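Chemist: Sequences are here, hints too, so could you generate the full structure?
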Amino acid sequence: MKKNIIIVATAILFVVLFIVAATLYNNKKDKALSSATLEKIEHVQRDYSPTMGPPDAKVTIVEFFDPACGTCSAFYPFVKQLMKDNPGKVNLVLRYLPLHQNSDVIVSIFEAARLQNRFRLTLERAYQTRDAWIEHHVSRPEKFWLQLDGLGLDMNKLNEDMQSAEIARRVKQDMLDAKQLNVNKTPGFFVNGKPLVHFGYQQLQQLVESEIAANY
Amino acid sequence: MLIFICWLIAMAALFGSLFFSEVMGLKPCVLCWWQRIFIYPLAVLFLVGLFPQNHKEDRSVVRYTLPLAVIGLGFAIYHYLVYSGFIPESLQPCSEDLSCAEINLELIGFVTIPMLSIFAYSAIIMLLLIYRKRFYQ
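Keeping their order, the protein sequence lines are chains A and B. To convert, note that position 76 of the first sequence is 76 in this note's numbering; the numbers rise steadily by one, no gaps. Here this note's numbering runs 1000 ahead of the position in the second sequence, where the first position is 1.
The hints are simulated quantities; they were obtained by calculation from the structure and are not laboratory data. Just so you know, these numbers come straight off a predicted model, no measurement behind them. You can trust all of the hints, since none of them are fake.
Now the in silico label distances, taken between C-beta atoms and shown as ranges:
#1 A:Q81 with B:G1025: 28 to 38 Å
#2 B:S1122 with A:L17: 18 to 28 Å
#3 A:A32 with B:S1084: 27 to 37 Å
Even glycine gets a Cβ: it sits at the ideal position worked out from N, Cα and C.
Modeler: Following this line, the structure appears as structure tokens:
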């Protein structure tokens, strides 16, 4: 009988120890992550990046995204809703982290479309037609090209612009900044420079709401 | 008592490896998975061995745990050799994105995960051999 108690107690001890260690480790990591970002705050935002929403909003969401990433596509309407629910208070800065193969080409199409003031439309078209141009987690720019009808884009100019060195440089800078900030998955969110440590809709909403409360 | 210590070691390995992968986010490579395959059942089997039928001691526990531990030790040694560079990476079966030779973690400066694995497996094997000697001689 005594033996049984010892064994059960040991098993419980293992579980408790695991939970305690995991909690301690996560707390330490969260703190380290937040302070590491504080030191590298200049990497979070660049003035060349595309933005959405009111320019004078005091709460800025920075999102590192990959157009071929399903979660990014799922978060897009949610982020838009967050901006709508807090009119005038929240804006969005989009930064590129094309982790999927060939996504860098898709991203340069976005940037070229931006020169024709069609960035938002092109991005939304990309998310809507994901199935048509992503095959086995590889982006197919030539197939995405076929989805661009009806957006009012000058396709010749688009083709020319997307080769520009400036666009390549920006995408490279975004990827370097992501690396500096330890963003290795998409979407990677920052709200007013604070990283979203625990990923999720609700967590993002809470972070945005706490920044709204702090700034308004 | 010996079997109880074996169970403790297997439980420590189980929770330890889960801590590395699930909490610290270190992805287990292929060889790590093979070692996990042989240590996880041991945590259950030793526990079963600790609760024998008809309240006699279950001596056959050695029969059904020793083979798992020996095979597991084989993988652990192999992994250690890959880790320390005796076996070139190209000869072993890791997927391209997750290298088994890359050292992810060094506790107190030199203790690596395959080393812990070798230690756990050899300790279990030694204890089982001592246990076996006691009853079969």
